[in-house]
Amino acid sequence: MNKFSSKFGSQLTKTANGYKFSITKQEWLSLGKKAGWMKEAKEDPCWEGYEKFGTKKKNGKIVPNCIKKKASLDKESYSKVWTQQEMYKIFMPYIKEEGEKYEKYSKVIARPANDNEKVDTVTSDVKETTNTSKSGDYIVTNLTGAKEKYIISAEKLNSRYKKIKDNPDGSALYQSIGHVFAVQYNPKRHDLPIKLLFEAPWKENMFLKEGDMICTTDYKEVYRIDQKEFQETYK
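-19 is the number of the first residue of the sequence shown in my numbering; add one for each residue after it.
Check the hints yourself; a few may be wrong.
As the list claims (entries may be wrong) - In silico EDC-like pairs for lysine to aspartate or glutamate, Cα to Cα no more than 16 Å straight-line:
no.: 1; residue 1: K175; residue 2: E80
no.: 2; residue 1: K114; residue 2: D95
no.: 3; residue 1: K136; residue 2: E201
no.: 4; residue 1: K69; residue 2: E201
no.: 5; residue 1: K60; residue 2: E184
no.: 6; residue 1: K127; residue 2: D100
no.: 7; residue 1: K208; residue 2: E190
no.: 8; residue 1: K189; residue 2: D171
no.: 9; residue 1: K129; residue 2: D105
no.: 10; residue 1: K129; residue 2: D100
no.: 11; residue 1: K107; residue 2: D198
no.: 12; residue 1: K200; residue 2: E66
no.: 13; residue 1: K81; residue 2: D198
no.: 14; residue 1: K183; residue 2: E201
no.: 15; residue 1: K168; residue 2: E190
What the hints contain is simulated information worked out from the structure, not anything from laboratory work.
Please model the entire structure based on the sequences and the hints provided.
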């Protein structure tokens, strides 16, 4: 016990039955590697299915903050990635017949994008998609719980949002004035998977699950909005 006390003394807690010994996962992996009973110690301090997201304070110590991994958007995770043309053919008649018009009422923050700036759109439950900016594009941040970001052109920004004020950092506050036509995704109706990947209008994979909203603004393309974020931004 003296050998452990010199290195991990703070982890020894006296109990009625003796001493309780606890160390972090990283310390356990390090000991195992040195002792030879664990050939490789993983660099990732989080358990399987979790990933590091900054740090947090626990029992007076700074430790990795491990959160559950977002759903993967890799093609290998799904049997098929539906094309934009396939999704359009399936859902556009559905939207035209039964879709409702929803007005976007929330405010957003927008700033000029850097050339070839990569943006991950992360909603409350999943990494939804990824997009890369072109010259003249803008990065829009929704003022929702997830604060999801996405890329739009200057033309779309001016047609869907009205500037309220400029911010000192070069961004600006906008009021939404746009709308969408949308239906809720019901996989049983079209004999489709509960979760699937499809090609977004900007040629990247997009995640769709049961209950999400399938939307269009001009009847030329379809895309997905997470159910929770849709309720926070449209009425």
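Status of each hint after checking the structure:
At roughly 23 Å between alpha-carbon atoms, K175 and E80 are farther apart than 16 Å, so this suggested pair is violated. About 5 Å separates the Cα atoms of K114 and D95, which keeps this hinted pair within 16 Å; it holds. With a C-alpha separation of about 14 Å, the suggested pairing of K136 with E201 holds against the 16 Å cut-off. Distance hint between K69 and E201 is fulfilled; the C-alpha atoms sit about 10 Å from each other, no more than 16 Å.
Among the hinted pairs, K60 with E184 is consistent with the structure: their alpha-carbon atoms are about 14 Å apart, no more than 16 Å. Pair hint K127 plus D100 holds up; C-alpha atoms about 12 Å apart against a cutoff of 16 Å. At roughly 12 Å between alpha-carbon atoms, K208 and E190 fall within 16 Å of each other, so this suggested pair holds. Annotation: proposed proximity of K189 to D171 holds, straight-line Cα distance about 13 Å (limit 16 Å).
Straight-line distance between C-alpha atoms of K129 and D105 comes to about 14 Å, which keeps the hinted pair within the 16 Å bound. Restraint check for K129 and D100: the C-alpha separation of about 7 Å stays at or below 16 Å, so the hint holds. For the hint pairing K107 with D198, the CA-to-CA distance comes to about 25 Å; that exceeds 16 Å, so the pair is violated. Proximity of K200 to E66 is assessed by CA-CA distance (about 13 Å); at most 16 Å being required, the pair is judged to hold.
Between K81 and D198 the alpha-carbon distance is near 11 Å, which keeps this suggested pair within the 16 Å criterion. Only pairs whose Cα atoms come within 16 Å are accepted, and K183 paired with E201 is accepted, the gap being roughly 12 Å. This hinted pair checks out: K168 and E190 have alpha carbons roughly 9 Å apart, not beyond 16 Å.
This entry does not satisfy hints 1 and 11, going by the numbered hints stated previously.
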